[in-house]
Every structure is written in C-alpha cells, then in structure tokens.
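Q: Given next are the chains, with one letter for each unit.
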Amino acid sequence: MEITTGIMFDEVVERCRQGDASGYSILYKRYSKAMFNTSLRIVNNAADAEDVLQDAFTDAFGGLKDFNFSSTFGAWLKKIVINKSLNLLRKKKLLLIDTDDEAVQGLKEDEMPDESYLLLQVAKIKKAMQTLDSGYRSVLSLYLFEGYDHEEISEIMAVPSTTVRSQYMRARQKLVTLLNKA
Amino acid sequence: MMQNELEKFIKANREAFDDEEPSGRVWNNLEKQFSNNTAKVVSINRTLFFKISSVAAAIIIVSVGAWLLLNKNTGSSTGSVITAQALSPDTAGNKVPEAIVKAPRVDTFKTAQVIKDSSTETADNNGYSEELFYYTKLTEIKFKQLKRIEKEEPVLYQSFYAEIKKLDSWSCWI
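Just so you know, the sequences run in chain order B and U. Note that the first sequence covers residues 19 to 200 in my numbering. Note that the second sequence covers residues 15 to 188 in my numbering.
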C-alpha cells in the first residue's frame, strides 16, 4: 500500500486534495484533450463527449478526497470517462452487444482479412470507426486505443469475456472491410 | 503476419488520434463549479476571522481602557504630581510645606502623592465608578460574544483566550 502510494503519488492531485483550487486547472489541462477523444470515440458525438467530459471531471474533482493513489489519477479518470460514455450509449439504447458468439467461432486468426495493402491513415481510420455500430466501436476503442485487454473490457462493459472476444473479432473485421472500401 | 498491421499502426500513431479539442464551455462550467466552492469556503473563513478578531480587538481595547481607569488613582497620579512640580514650582511651592521642599527626594514624592490623592479623590469618585461599571459590562458582553465561537472554532477560541489571559497578567505586572 505504501509502495503504490509512493509510485502513484501526484503532487498536483495532492494540492487539489488540500483545497488548492489552482490544481484543478492544471489537471484539466493535462487530461481534458485525451479524455475528450476517448469519450468521442465511444459516444461518436462531440456534444455528448463534452457532457461526459464535464461530468467525469466534476465527479473526479469532487471525489478527490476518496482518491487514494492506488492507481494514477489519469487511469482513474479514464475509467470514469469510459463508464460515463458507455452509460450514455446505454441510455440512448445504442449499446447493443450481439451475444451470439457463434458467428466468429470459425474465423481463425489467419483467416482475418489481409491489411498489408491498406493505406492506413489516421483520418481514414477515424472516419471508418465513426460508421461502426456503437457496440463494435466501443469494444474496438477500449482494446485498440485505450489498451485494455479482453478481461478488463468484459468487466467494464459487464459482458462475458468470450462475448468481448467475438465482438472484437467482428468489429475488427468490419473496420478492415470499411477501410478497404475507402 | 500481416493481421497486426492495424494494431501496429494505431499503436505507432496513437497520439495523432487524439486530435479533437473540447470546447471552452466545459472548463468554464467546471471553473464556475469549483472556484465557487473554494471561494465560499474562503469567504466563510474570512468573515469568521473578521468577526472573531473584531470581538477580540474590542475585548483588548476595553480591558486596556478599564485597566487604565482602575489605575487612574494610583498610577497616573504619580505623573501628575511630577508635572505639577516641574511646571509650576510657584504654586507647588506655595502649597507644599517648607519641610517637604527641604526633605530628600523620596519623601517629597510620597507626601505630594498623598496631598494630590486627598484633593482629587472625592471629585473623581462618582464618574470613575460609572466608567468602571460601563467598561466592565462591555468586557462582559464581548467576552460572551467570544464564548459563542468556542464550539465552532475551539482552537481559535483557545488562542484568543490565551491572549486575553496574557493581557490580564500584564496588567498585574504593571
């Protein structure tokens, strides 16, 4: 406990905890852009992503007293942002996870579409991501962009990890198809 | 071999994907929310501090005033005797008997004081006790006001209380 406290200790966070309001602006500047893009990739809408961002920072700043440095502030904030983004999709009934795992059972790794000839560009990938269903887009976002593994995603999205795996396979396949078309 | 192209590309260009900026309204709203909170806390502390310090200042002023009045008859009379002797040697000399003028300094002082006391005491007495009553009452009121913050700010109360104690002990010393 003491060791993690030392490693994750953040002077600015501690300043906020002590009631120094100037720390909030530093934390916002440090994390807002990345968090906004994280949310945007999930909710697929700038206005919603801004609402999520504001909500998440409000919760994070308000809950700093309970923050114990067991993870970094950034990782903690990201979890809040992702949860809020997914909840927003759920509220809009957009987060539909297809629990039929059979469809990709037969799809082996080496049968995945060949991407070697893809001209991979940031803008192209972003655009293709935006046309995906929310469920696909969320799983892809968390796996490809946020660095969570299937187990962690299953926990975050509250679906079995086998579903996450099959969902990811299908999402990826769909994305590659879209990229090839573009 | 090539299936990892997508993952590799995203990993290598991860930062380039975070290119959207949130609008300023997000921070504006947050700032309103959180600077308000802190400002409130600060202003409460500040007004409380002013309240307490004004009460404390009043107590100090009143106790000093009361103490000065209490000592008017003994302490300040020495001063007036000296000035009376220094400024008007004629009148002082006239009133003071010969023996005192010739007597050593210490004796002069003592007798002069006795003379002064006896001449002014009766005139001062009424006004003095009235003033004493007034200031004692005022001290009491202010002390009650200070007592009210004892529960809210025990540390602050204790420090003020200690100051007042110190002041009281000083007045004994002088």
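Quick caveat, the hints were computed from the structure, so don't treat them as lab data. Treat the hints with caution; some may be incorrect.
[What the hints assert, rightly or not] Partial list, derived from the structure: chain B residues whose beta carbon lies under 7 Å from chain U:
1) TYR42
2) ILE44
3) TYR49
4) SER50
5) ALA52
6) PHE75
7) ASP77
8) PHE79
9) GLY81
10) LEU82
11) PHE85
12) ASN86
13) MET187
Note that CB positions come from ideal geometry on N, CA and C, so glycine has one too.
Q: Indicate, hint by hint, whether the structure satisfies it.
A: Taking the hints in turn, this is what the structure says about them:
no.: 1; hint: TYR42; in the structure: 5 Å, holds
no.: 2; hint: ILE44; in the structure: 12 Å, violated
no.: 3; hint: TYR49; in the structure: 11 Å, violated
no.: 4; hint: SER50; in the structure: 6 Å, holds
no.: 5; hint: ALA52; in the structure: 5 Å, holds
no.: 6; hint: PHE75; in the structure: 5 Å, holds
no.: 7; hint: ASP77; in the structure: 11 Å, violated
no.: 8; hint: PHE79; in the structure: 6 Å, holds
no.: 9; hint: GLY81; in the structure: 13 Å, violated
no.: 10; hint: LEU82; in the structure: 10 Å, violated
no.: 11; hint: PHE85; in the structure: 15 Å, violated
no.: 12; hint: ASN86; in the structure: 21 Å, violated
no.: 13; hint: MET187; in the structure: 11 Å, violated
When the structure is compared with the earlier hints, violations turn up for hints 2, 3, 7, 9, 10, 11, 12, 13 and for no others.
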